[in-house]
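Work out the full structure, taking the sequences as your base and the hints as a guide.
Read top to bottom, the protein sequences are chains X and P.
The end of the first sequence is residue 498 by the working numbering, with every number in the run present.
The end of the second sequence is residue 498 by the working numbering, with every number in the run present.
What the hints contain is simulated information worked out from the structure, not anything from laboratory work.
Among the hints, erroneous ones may be present.
As the list makes no split between identical chains, a pair holds if one copy fits it or if it spans any two.
Below 30 Å or equal to it, Euclidean Cα-Cα: the simulated DSS-like pairs (lysine-lysine) are [claimed, not checked]:
| hint | residue 1 | residue 2 |
| --- | --- | --- |
| 1 | K244 | K95 |
| 2 | K180 | K331 |
| 3 | K244 | K327 |
| 4 | K180 | K132 |
| 5 | K244 | K132 |
| 6 | K327 | K95 |
| 7 | K180 | K327 |
| 8 | K244 | K331 |
| 9 | K331 | K192 |
| 10 | K132 | K331 |
| 11 | K132 | K192 |
| 12 | K95 | K192 |
| 13 | K180 | K192 |
| 14 | K192 | K327 |
| 15 | K244 | K192 |
| 16 | K327 | K132 |
| 17 | K95 | K132 |
Quick caveat: nothing in here was measured; it's all calculated off a predicted structure.
Protein chains: 2
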Amino acid sequence: MSPRVPITPIDAAEITTYDHETDVLIIGYGCAGAASALDAVEAGSDVILLERQSGGGGSSALSGGEVYLGGGTPIQEACGFDDTAEAMEKFLLAALGPGADEEKVGLYSRDSRAHYQWLVDHDVPFKPSLWDSPTWVPPTDDGLMWMGENSYPFNEIAEPAPRGHRVTSDGFGGKVLMAALSEAVDKTSAAVHTDTTALRLIVEDGRVVGVVARHFNDTVAYRARRGVIITTGGFADNKDMLAQHAPRLVGLGVNSDGGDDGRGIVMAQAVGAAVKNMAGAQVGISLVPGMMVRGMIVDSVGQRFINEDVYPGLVGVAALNKHNLKVWVILDEQAYEEVPEDERWGVQPHFVAETLAELELEIGMPEGALQTTVGEYNRFAAEGQDPYFHKSSRWLRPLQSPFAAIDVRRGMAPPEYGDGGTGGGGAEVFSTGGLWTTVDGHVLDLDGGPIPGLFAAGRATSGLHSQGYISGTSLGDGTFFGRRAGVAASAGQ
Amino acid sequence: MSPRVPITPIDAAEITTYDHETDVLIIGYGCAGAASALDAVEAGSDVILLERQSGGGGSSALSGGEVYLGGGTPIQEACGFDDTAEAMEKFLLAALGPGADEEKVGLYSRDSRAHYQWLVDHDVPFKPSLWDSPTWVPPTDDGLMWMGENSYPFNEIAEPAPRGHRVTSDGFGGKVLMAALSEAVDKTSAAVHTDTTALRLIVEDGRVVGVVARHFNDTVAYRARRGVIITTGGFADNKDMLAQHAPRLVGLGVNSDGGDDGRGIVMAQAVGAAVKNMAGAQVGISLVPGMMVRGMIVDSVGQRFINEDVYPGLVGVAALNKHNLKVWVILDEQAYEEVPEDERWGVQPHFVAETLAELELEIGMPEGALQTTVGEYNRFAAEGQDPYFHKSSRWLRPLQSPFAAIDVRRGMAPPEYGDGGTGGGGAEVFSTGGLWTTVDGHVLDLDGGPIPGLFAAGRATSGLHSQGYISGTSLGDGTFFGRRAGVAASAGQ
Chain X
6 MSPRVPITPI DAAEITTYDH ETDVLIIGYG CAGAASALDA VEAGSDVILL ERQSGGGGSS
66 ALSGGEVYLG GGTPIQEACG FDDTAEAMEK FLLAALGPGA DEEKVGLYSR DSRAHYQWLV
126 DHDVPFKPSL WDSPTWVPPT DDGLMWMGEN SYPFNEIAEP APRGHRVTSD GFGGKVLMAA
186 LSEAVDKTSA AVHTDTTALR LIVEDGRVVG VVARHFNDTV AYRARRGVII TTGGFADNKD
246 MLAQHAPRLV GLGVNSDGGD DGRGIVMAQA VGAAVKNMAG AQVGISLVPG MMVRGMIVDS
306 VGQRFINEDV YPGLVGVAAL NKHNLKVWVI LDEQAYEEVP EDERWGVQPH FVAETLAELE
366 LEIGMPEGAL QTTVGEYNRF AAEGQDPYFH KSSRWLRPLQ SPFAAIDVRR GMAPPEYGDG
426 GTGGGGAEVF STGGLWTTVD GHVLDLDGGP IPGLFAAGRA TSGLHSQGYI SGTSLGDGTF
486 FGRRAGVAAS AGQ
Chain P
6 MSPRVPITPI DAAEITTYDH ETDVLIIGYG CAGAASALDA VEAGSDVILL ERQSGGGGSS
66 ALSGGEVYLG GGTPIQEACG FDDTAEAMEK FLLAALGPGA DEEKVGLYSR DSRAHYQWLV
126 DHDVPFKPSL WDSPTWVPPT DDGLMWMGEN SYPFNEIAEP APRGHRVTSD GFGGKVLMAA
186 LSEAVDKTSA AVHTDTTALR LIVEDGRVVG VVARHFNDTV AYRARRGVII TTGGFADNKD
246 MLAQHAPRLV GLGVNSDGGD DGRGIVMAQA VGAAVKNMAG AQVGISLVPG MMVRGMIVDS
306 VGQRFINEDV YPGLVGVAAL NKHNLKVWVI LDEQAYEEVP EDERWGVQPH FVAETLAELE
366 LEIGMPEGAL QTTVGEYNRF AAEGQDPYFH KSSRWLRPLQ SPFAAIDVRR GMAPPEYGDG
426 GTGGGGAEVF STGGLWTTVD GHVLDLDGGP IPGLFAAGRA TSGLHSQGYI SGTSLGDGTF
486 FGRRAGVAAS AGQ
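Below, the structure is given as structure tokens:
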């Protein structure tokens, strides 16, 4: 805590002159800010977007560019999948729970096809082809991918369909998404004020009416006639806030643009906002899903703990919460060789051995640990079964000598997570908890009522999620609920 | 959220007459409130204690009556244990972490012997005898017990000494502790106003100066000249707050007096208070430690996940966070028979079988699951070793037919947890997160500075803990930091 500049709100009576006035003032120009701006303008508002950096994009532009969409989008249909909003809703409630936001998930699922169309109408490109194997990010430009919908237990909870919609890109899609949305914003009357950091909210008779910001050395006052929308991102870059709310994340690598300092969340709290699920996180761990799914992931005593074909983000959450990331990928030579070179991301095994007895000795596991686990695994895999964790028979095969082990904590940032460098402690994370908002982006106070004039969207809010995380839901709920916040703020209530 | 009565603070200008005035106003008469009152009076303050119920006690009076104390107390010395504040501090940081409050743990450990003496000076009885076996609550009135200090990994982190100090009692000690403290409060000038529920804080120029409360059908205004101390307990009884901050706890049994609704926490948030670690919890699960330690605890596919001789509260946290309480105690007839009748708490195995193959089939585990796990366990136990989880050799012995299994989720509330009835889902919990306070009980705002006039202690605050929990630390930090809050509030800053 203790930021250098006080975060407590300023009474409007203390503001003698406003440097700028607008209808809707948006703080933060990532995907949620851009979507808010577009739909606020559409709703008839004058809009100013504040951005701390010298240009828009934020953490959104650094992301893999996956948007979680379904219910029968044209991309799904082109790839031969029937999907329904009901199946999408059931999957999300299971994968993001326990305690995922039912109202948000329901609305998000029901309106998902329309949201797909909105993205396409704003020139966000998606290609109608499927990548059909577990991964963080496919090495291709295929536009559709599974997010574990076809893995246990989700395949028994809801009719499976792939819903990871990938923005077409040479590499990561986040920058393409933000380029498209920024270009759309540029065509509107919305003004973008870069190099401008929001510092404190301005309050008048219990209503948020503006923001005091810093532009280089100047203090600048903004008045918002209709509403202020906070789209400042999460708090993964703020070590103090992590220690306060999500201590397991302290010391891990961070997946952000470096500006996820949580200030937007705390600014809103300082005018009475409630927060939700502040311990939630996305946990990207350093493993190659193609290797893991063909072998297994085990804890420090060689025990499996999850079916390896779920979305790797859920493996990350489990590895952190259950085993503090002390986990290993165990595989054999055949499995390693089966992973194409361009999907290996340069990963080499840390240990190789002819026998499991040697491998467990090298790793420092109890004598017999891997022999027992792989023995049980192989016994059932030969029959195409995995009664322990229910991995799909597609990935089951008895592992054979020679064997190899990869230490997840030694770090190999999957390509989704930034520069391909080493994630701290083997993981790169971001926070998913934040301001408690309605489906229209109203920020709720501690009584559960809306704070007049204050809205939020994106990772500054607690979105669809509770404890689980599936990629695509951040760009997804950021743009979806950002749009709704833009409309609601324009109504000026 | 959405309590019927608004929780937003009232401006002092709106209060025309105060019904009562005092120096220090304390909300909630559990152990933290009593300790605050005693040391506030000692520091020269007039004190009024508000209590919603018709008498004091709160959840404290229903508790087992364990107080975590050490550093060489007379009880430890009489039982033949040398202990140091340094060892106590190291243990607590490890057992309550990651991210336990270093400043609070350090001070609590250094001043622990003095705090023991304060309790004894207030006629809280402790008996100098040791119960030397893992348990929630010993069936005897022994005054000292291990809290897992002698189990892995804590025995390698800090010199072990038992620090669970039990208030001497026929049964649970919480009521005896509260009787002693209440008797001490009765001897002071402090006034106790029962049947009085605090509703909203009164604020004047940014300083908390009082409370609006309800006494039956009357609204009553209290003015506090020096400070208000919130000691209202946690939020385990508030399902909405659990869903908001600690969704894993929703639907489980609650260990409280029924009044842990979190209102004190939210009242303080409404004047700008910061909270910390809101997902933290004590998780009392339905198992008999004497059975578990002689056998093993396994997940739904028969895998062990912890050394069974740690404090059972840490087993509960692991069982909830790692396996959503889908865990089983596996033991053999000899282990069952070894547990004395009065330590069995009426627990009967849910399944009994001659062979592990039959047992795993009856439970519904994968074929081979228990055979594998018990096989590995027995192989090493025969040598007095447990390389997987490092249970002490004292409890290691190859398990032999006939075998038995106990389903933890079917519920058997351990006697510490209320009426011996069924804990919901096999567990009874309470929250350990709450207001962020200094070691002097000042409630911190979102900038990290103290809120003038506002103090807190006990389970309304985030105390010593982060993610872990050891029994005795709630009565311990409630009384210890309650006293400090009483002194600090009396200084009127």
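Q.
One pair to classify: K180 and K132, alpha carbons no more than 30 Å apart. Within, between, both, or neither?
A. For K180 and K132, only the intra-copy Cα distance (16 Å) is at most 30 Å; the inter-copy one is 68 Å.
Q | Intra- versus inter-subunit Cα pairing at 30 Å for K192 with K327 | A | neither (48 Å within a copy, 50 Å between copies)
Q: Please work out whether the CA atoms of K95 and K132 approach to 30 Å or closer within one copy, between two copies, in both situations, or in neither?
A: within (26 Å within a copy, 56 Å between copies)
Q) How would you classify K180 and K327 at a CA-CA limit of 30 Å: within, between, both, or neither? A) neither (34 Å within a copy, 36 Å between copies)
(Q) If the cut is 30 Å between Cα atoms, do K244 and K132 qualify within a copy, between copies, both or neither? (A) neither (39 Å within a copy, 44 Å between copies)
**Q.** Homomeric proximity label, K180 with K331: Cα distance no greater than 30 Å
**A.** neither (33 Å within a copy, 43 Å between copies)
Q. Given identical chains, is K132 near K192, meaning Cα to Cα at most 30 Å, within a copy, between copies, both, or neither?
A. Result: close within a single copy only, 25 Å intra versus 79 Å inter.
Q) Is the C-alpha distance from K180 to K192 at most 30 Å within one copy, between copies, in both cases, or in neither? A) Answer is within: at 18 Å inside a copy they meet the 30 Å cutoff, but 70 Å across does not.
Q: If the cutoff is 30 Å on CA atoms, where do K244 and K95 land: within, between, both or neither? Let me know, please.
A: between (34 Å within a copy, 23 Å between copies)
Q. With identical chains treated as interchangeable, where does the CA-CA distance between K331 and K192 reach 30 Å or less: within a copy, between copies, both, or neither?
A. neither (49 Å within a copy, 55 Å between copies)
Q) Using 30 Å as the alpha-carbon threshold, which applies to K244 and K331: within, between, both, or neither? A) within (22 Å within a copy, 34 Å between copies)
Q: Indicate which option fits the pair K95, K192 if close means a Cα-Cα distance not exceeding 30 Å: within, between, both or neither.
A: Neither: 38 Å inside a chain and 60 Å across chains, both beyond 30 Å.
Going down the numbered hints, you'll see the structure goes against 2, 5, 7, 9, 10, 12, 14, 15, 16, while the others check out.
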